[in-house]
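Asks: Using the sequences and the accompanying hints, generate a full structural model.
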Amino acid sequence: AQSVTQLDSQVPVFEEAPVELRCNYSSSVSVYLFWYVQYPNQGLQLLLKYLSGSTLVKGINGFEAEFNKSQTSFHLRKPSVHISDTAEYFCAVRPLNTDKLIFGTGTRLQVFP
Amino acid sequence: GAGVSQSPSNKVTEKGKDVELRCDPISGHTALYWYRQSLGQGLEFLIYFQGNSAPDKSGLPSDRFSAERTGGSVSTLTIQRTQQEDSAVYLCASSLGPPEGVNTQYFGPGTRLTVL
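Chains as they are written, first to last, in the numbering used here: chain A, 1 to 113; chain B, 114 to 229.
Restricting the straight-line Cα-Cα distance to at most 25 angstroms, the calculated cross-link-like pairs of lysine to any residue (SDA-like) are:
1. K49(A) with D169(B)
2. K49(A) with Y25(A)
3. K170(B) with S26(A)
4. K170(B) with S3(A)
5. K58(A) with L209(B)
6. K170(B) with P95(A)
7. K49(A) with S151(B)
To be clear, the hints were calculated from the coordinates, so they are not data collected in a lab.
These figures come from a predicted structure and were not determined experimentally.
Replies: Set out below in structure tokens:
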């Protein structure tokens, strides 16, 4: 079985500060990894994904994530956040033996002026 | 182009009633997924359709839940005899087929279901 853990349910941060949203996973098979963002009253949008190759993945809106296989982590980072980054962020995995996504419980990023 | 659309956007129903939720995927997408987003539970996979293959129903929480996909396009999620614990946002997503297409799922805005 697979599981995804997002330890921080909420992350408050001031505008222009750096941020890291943590994601750890557990799986008995290899997985692909994803980060999705959900802005208020909107659907989920794909931020970035790791399928193979370089472990540092760059996504939209200046976000990036690094896959660490030994630590089974896929933390999301941004060097300088904007008010508009306020949203809920979901980490997800897709085991290679299935087509469905398994999501974490989400982290609410709140950016203050 | 149009994204994934879902209807209704909000649904309030009484306990014990049946409800139908509709999803229109992106044209040409052969894969369609239903997820449920509950408070404190995150997003749970419910069911997955891929082309003409038998759907993966492994995430359906009980036999009160069912879904169908007609003509390989529109899908309807039906919840019979709704219970208060069914209250959640139901999300639909679609993607191109496997193998790599399934790695980019496009989500609709969801249907917020409230069972009184």
